[in-house]
Every structure is written in C-alpha cells, then in structure tokens.
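Asker: Residue numbers (our numbering), protein chains in the order written: chain Z, 1 to 388; chain V, 1 to 280.
Quick caveat, the hints were computed from the structure, so don't treat them as lab data.
All C-beta atoms in this analysis are idealised placements derived from N, C-alpha and C, irrespective of residue type, glycine included.
Treat the hints loosely; a few may be bogus.
Coverage of chain V stretches by chain Z, computed from C-beta distances (three or more under 8 Å per stretch; other residues unrestricted) [said to hold, decoys possible]: (1) 60-71; (2) 123-129; (3) 136-147; (4) 166-179.
In silico DSBU-like pairs for lysine-lysine, Cα to Cα no more than 35 Å straight-line [claimed, not checked]: (5) LYS275/Z <-> LYS123/V; (6) LYS192/V <-> LYS227/Z; (7) LYS275/Z <-> LYS130/Z; (8) LYS123/V <-> LYS184/Z; (9) LYS123/V <-> LYS223/Z; (10) LYS344/Z <-> LYS123/V.
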Amino acid sequence: MANGSKMSRRNFMQQSALMAAAFAGAGSILPGSAQAAREKELNILCWEGYNSAQVLDPFRTKTGATVKAESLTNDPTMINRLRAGETNVWDLINVNNPWARKVMFPEKLIKPLDRARFEPFFDKMMPEFKPPYKWAMDDSGTELLGMAQRFGPYSFVVNTDKVSRATAEDQGWNLWNDAANDGKYGILESDDWNVFCICCIAGFDPFKTHSDEEVAKFTETAKRVFKGAKVVGDIATMNQSLVAGEIDFHLTGGTYSASPARADGHPEIRGITPKTGPMAGGKGGISWIEITSTVNNPELSPLAADFLEYVQSPEMSHTVAFAEGTFNPVSQMGNPDCFKLFTKEELDAIQWDSLAEEMSRSVEYDIVPDYDKLLDIMTAAKREASGG
Amino acid sequence: MALSQGTRSAIPVILFLLAGFAAPLMAVIWFSFMPPRSFSFAGTPTLENYATIFESTSYISFLWSLGLAVVTVVLLAAICYPVAYGLVRVFGKWATLLTLLFTIPLFVSENIRLYGWVLFLIKNGVLLGSLKSLFGLQLESMLFTVPAIVLGMVYVYLPFMLFPMTLGISMVPNETRDAAFDLGATRWQVFKEVELPLSMPGVVIGFLLTFVLAVGSIAEAKVLGGQSVIPITHDIEIAFTYSQNWPLGSALAVLLMLVVGTLVVLALRRFDLDTFLGRR
Numbered sequence: 001m002a003n004g005s006k007m008s009r010r011n012f013m014q015q016s017a018l019m020a021a022a023f024a025g026a027g028s029i030l031p032g033s034a035q036a037a038r039e040k041e042l043n044i045l046c047w048e049g050y051n052s053a054q055v056l057d058p059f060r061t062k063t064g065a066t067v068k069a070e071s072l073t074n075d076p077t078m079i080n081r082l083r084a085g086e087t088n089v090w091d092l093i094n095v096n097n098p099w100a101r102k103v104m105f106p107e108k109l110i111k112p113l114d115r116a117r118f119e120p121f122f123d124k125m126m127p128e129f130k131p132p133y134k135w136a137m138d139d140s141g142t143e144l145l146g147m148a149q150r151f152g153p154y155s156f157v158v159n160t161d162k163v164s165r166a167t168a169e170d171q172g173w174n175l176w177n178d179a180a181n182d183g184k185y186g187i188l189e190s191d192d193w194n195v196f197c198i199c200c201i202a203g204f205d206p207f208k209t210h211s212d213e214e215v216a217k218f219t220e221t222a223k224r225v226f227k228g229a230k231v232v233g234d235i236a237t238m239n240q241s242l243v244a245g246e247i248d249f250h251l252t253g254g255t256y257s258a259s260p261a262r263a264d265g266h267p268e269i270r271g272i273t274p275k276t277g278p279m280a281g282g283k284g285g286i287s288w289i290e291i292t293s294t295v296n297n298p299e300l301s302p303l304a305a306d307f308l309e310y311v312q313s314p315e316m317s318h319t320v321a322f323a324e325g326t327f328n329p330v331s332q333m334g335n336p337d338c339f340k341l342f343t344k345e346e347l348d349a350i351q352w353d354s355l356a357e358e359m360s361r362s363v364e365y366d367i368v369p370d371y372d373k374l375l376d377i378m379t380a381a382k383r384e385a386s387g388g
Numbered sequence: 001m002a003l004s005q006g007t008r009s010a011i012p013v014i015l016f017l018l019a020g021f022a023a024p025l026m027a028v029i030w031f032s033f034m035p036p037r038s039f040s041f042a043g044t045p046t047l048e049n050y051a052t053i054f055e056s057t058s059y060i061s062f063l064w065s066l067g068l069a070v071v072t073v074v075l076l077a078a079i080c081y082p083v084a085y086g087l088v089r090v091f092g093k094w095a096t097l098l099t100l101l102f103t104i105p106l107f108v109s110e111n112i113r114l115y116g117w118v119l120f121l122i123k124n125g126v127l128l129g130s131l132k133s134l135f136g137l138q139l140e141s142m143l144f145t146v147p148a149i150v151l152g153m154v155y156v157y158l159p160f161m162l163f164p165m166t167l168g169i170s171m172v173p174n175e176t177r178d179a180a181f182d183l184g185a186t187r188w189q190v191f192k193e194v195e196l197p198l199s200m201p202g203v204v205i206g207f208l209l210t211f212v213l214a215v216g217s218i219a220e221a222k223v224l225g226g227q228s229v230i231p232i233t234h235d236i237e238i239a240f241t242y243s244q245n246w247p248l249g250s251a252l253a254v255l256l257m258l259v260v261g262t263l264v265v266l267a268l269r270r271f272d273l274d275t276f277l278g279r280r
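Use the sequences and the hints to build the structure in full.
Answerer: Right, here's the structure in full:
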C-alpha cells in the first residue's frame, strides 16, 4: 500500500514536471505568436453598436481576423483605460468629439491617420463635416485624428402626448424649474451629460470654468432636480416609463435614447432641442459627434485603418446607424447612395424631419473644465435626495 | 528548511490563493491610500480619500445598505422558517418539487428577473393594468419606491436563506422531538426549547449569507428602486466609472469590507458555529 502510494506520488511528480515544462514551453512561444497575431487581430473600445455582430461579422469573414470589441457608455472611462496603460491592448477608440483633439492627441494616446487615404471620405459626408472637419483635426490643423460617423442632438426627451413638442421647445430647460413638474420626470443615468443639463437648468453654459456663485447655483439645482425625479435609470427604463405613463419627460436624451422607442411604434416619444438656452449664441441644445481614432498602440494592428475604411461604405454606414441598441443619424447620409438605404420608418425613428433644425440649435459637446468638482457635487446631491 | 509533506502539497493552492484572492484585495487596500483620481500604485500614500468620505454624506449610503440588508434578513427569516419547516416535516413527497421551483429561478440572470418585476409593477403593467381592465381600479404603482426595492431583495435572496434553514431544520433528530413530547412538552415548548436551538446553525448561516449578499446588492435599488435610494455599492460604482476616482472607490470598498467584516465577526462570536455543529 505504502509502495503503491509512493508510486502514485512519483507519477504525480512526473506529471507535474511535464506540465511545468509544457507551461515553460508555452511561455517561450507565446510572445512571438502574439506579435505575429496582431496582423489578424483587432481590438475596439467603443460605444455600443460598433461591437454588434451586424457590424463586426462581415469584417471578420472578409479578413479572417479575430475582432474583439468592448462597449462602454461613457467617454471618461474609456479614455482612462488608455491612460491606465491599455494603449497596448486597443487598436481603435470611439468616443465623443472633443476628446481626440483636446485630450487624447496631446496626451499621445492616439495616432494620426493617413490624410491622403481618409480625407476624401469627409468630402462625401453631410455638408457640416466637409474637410478639414474641426473635431477630426488636431489644434494645428495638420493631423487627421479620426473619422466621424454617428452624431445627434442630445438634450431631453418628452412624451408628446403629455407635453407638446412646441411647449417643450419653448419652455426648454425651465421644465425643470417648475415645481409643478416634480414627480413627473425621470433622469437618464448618464452622469457626465447630467452635469451639462443641470448647468443649463441652472441657467449657465456648462462648457467653461464656473464661478463660486455658479457652483452654488449648480449645487442647489442638482439637489432640487434629483429630489423631484421619479426615477433615475438606463435608456430602457426611461423609455418604458415614458410609454407606461410613469413619467412625462426625462433629462438627458435625444435621438440616441428615444430612437429605440420610436422604432418600436411609439412616435410620441421625442427628443427635444430647446429653442433657446444659456449656451454660446443663446443656443439651447447640446449635440455629440463620435470620432473614431487609432490608438497609439506600439503594435497597432494594420486592420485598424482597414476597419475605419470598411465602416465608411454606404451599406456599412447604414448598418452602423441601425446597429443593435440605439439608432442614430450618420454623417455618411450626405452621400445619396447611403441615404437611399434608409426607409421612411428608419428616418422617422431618428427624427430626420427635425434633425437639421435641432443640430443648428445645439452647441457641440465640449469638455467641462471643472467637471470633477461638479460631478462630485451632483453625486452627493443624488445620494442626499435618497436621504429622505 | 525541510517543509512538511502537507505544507509542500499545499504550496500550489497557497500560491493560487495569494495570486487570485489576496493580491487583488491588497491592491484595493493599497489603492485606497493613493492620491485621489490617480491611476497608479506609485503615488505617495495619503489618507485623503478616507477624509473625503468622512466629510461627505456617504454615511447615508452606508445606512441605506445596512438598513435594507437588515430588513431583508428579518423578512426572509419570517418567510423562510415556516417554508423550510414545511419542506422538511410537512410537504412530504411534494418537498422535492417545491425545492426545484425555488431553485429554478436561480438559473435566470438576476437582472432579467428584476426587469420582469418592473413589467409586473409598472403603471399599466401586468398588475395595475389587469386591475384596471378587470375591476376598473386605478392605483398608484409602487415601482421606484423603497418597498419595491425590499420586495426585489427578498425575492432574489430567498433561496440563500431557505436552503441553509432547511438544512438546519433537517438536522434536528426526530427522536429528540419525540422525547420532548413524551416528557410532556407543549408544541410551543418543543419549538422553543428543542427545534429552534438545534436548527440554529442553519438559521445563522442563512442570516449571514443573506446579510452579506444583501449589503453588496445594487441591482434592486437601480432597477426596482429607480435609484430613489443610492446604496454604498452604487457609490463605489460611480467612483470607478463616471468619477474615475479609483482611490475613492477603493477606500469606500475597504470601509464596506471593514463594516461588514466587523458585523460578521461579532455575530459569529455570539453564535459560535463550531459549538452548534458539535465540534467542541
């Protein structure tokens, strides 16, 4: 018996030695194979849509590459992933307009694109994207930092059966300054945008450094707005609550968040851009434009640029616009070959009828210099609203 | 120099635990001492994050988490003990089927089950819509309120209280009960003097399990509560996402671990599991 157990222990040791050798072998092989694999590997950090099978599968089939995409729903988190050292993981990053030009390029987190190869695509986009397109260029205007595709106005959403579009556009942010509306609205859990919206409700431009007086006003407004909210939640919760009649309107929203409900047969759910507001030029709305850039990865996959080109085709642009999750206009709709792919229902879902008007009434999303301070105040306000 | 056979055999497991359990925990603890909004382990250690927490209103979130967990545990104890008793002593052959019915929902993601409750509770939803169309009753929905959160927590954590309790009750020997009855004890006396004390290991394990899970819950307050309550876990999530303040999030997590750890240790002192299980 004792002998037997000795034997089995010896066998075990032999097995372990073999396994250790196998691991060591694998260790010496892996780095080399990883290098070679970058030719057939692409990692994308993006907002949802670009990670959908509809967009990725045809590219996988075409190139035979392993394409991985991770979707997140706020820009700061994605950028901090790169700052925390993940530049050697990702090949493409898809975030909103100001980050490439103002943060990621100066911090060397992204690489410029080949202008000769990519600038012609901007010629085919809608007129406001004509090259050199501000948000795709660096400060000096010489480097092309990314490609534009999805965009949209993003202020708030109403159920037009409860509050008419005209009333909502006229009242604008003051809907939240009317105590009679307490308990009738929700707030989308999109905290960076909620900071912008609360500044607008408080009556000042979000995209600047704020005075002590404005910060005090922001604090008071954030407390009041969160206290009066019936529900704070994700897009599905907001749309469901609007449709069911739990709420009449919600803060932070637009085509991006309302389009799934509209496409689902609820045209009464509508993104609203206020006619006037506290932003530059008296504008009342805020819009976003996504810019997709190549990451400053020491071993950037050659497929990164190919993918950017691939999503520019009329067919793929239409797929991106209606990829799973949310539905959005794309700059490529300026190309008649792309525009004709959109059905009437799809155009209704993305509020094509008022898109140009809404974009003209909106300022473009920008960086809030004292964002950290305002976000902390808002987070506390949200918590204190639950304090009874 | 020479390690014992046992220690040597344990080395792989020890290494695995160090790398997979202790190291991430140490990383969180170390990060809680890094300067606010930094992303590196190399900063100068500071107590700033803890100071920020103590100066802030974070206590509201801690109190909500602990309060909701206590309410959940108390309600679950009241609901689960009779059910567990029934499963062991009353339902007979139906017990297996019932156990299965309690287990099956565990195979469905918690979020999906909670969204199911949203559809059930929402205005014009399954409950209120049916009441309206069948009886013309128009009631306010309870969705996005504290009771809705408690309902969700009780629903989600029910199996974690029920099964340890069932085990605890099944550990009470029938002979002991019979002996108590033979000696003239009333039903109440048998329950109070024999069954409850002897089933305590299961009850205490159920309490601890559900309490620890409930303190760490987040989805119920988000989905059913519509964030009308911000539990501490949600504060931690905000710190790691929108705020991008990993050190603050780590400090909140460390404090939560300390609070929960202290409570569990205190509970275990009061109810010594080893004594219950008859090892001493």
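Asker: None of the hints should be skipped; say for each whether it holds.
Answerer: How the hints compare with the structure:
1. 60-71: holds (count 3)
2. 123-129: holds (count 3)
3. 136-147: With 3 residues close enough to chain Z, the hint holds.
4. 166-179: Violated: only 0 residues of the region 166-179 of chain V have a Cβ under 8 Å from chain Z.
5. LYS275/Z <-> LYS123/V: holds (32 Å)
6. LYS192/V <-> LYS227/Z: Not satisfied, since the Cα-Cα distance of roughly 47 Å exceeds 35 Å.
7. LYS275/Z <-> LYS130/Z: Holds, at roughly 26 Å.
8. LYS123/V <-> LYS184/Z: holds (13 Å)
9. LYS123/V <-> LYS223/Z: holds (26 Å)
10. LYS344/Z <-> LYS123/V: holds (31 Å)
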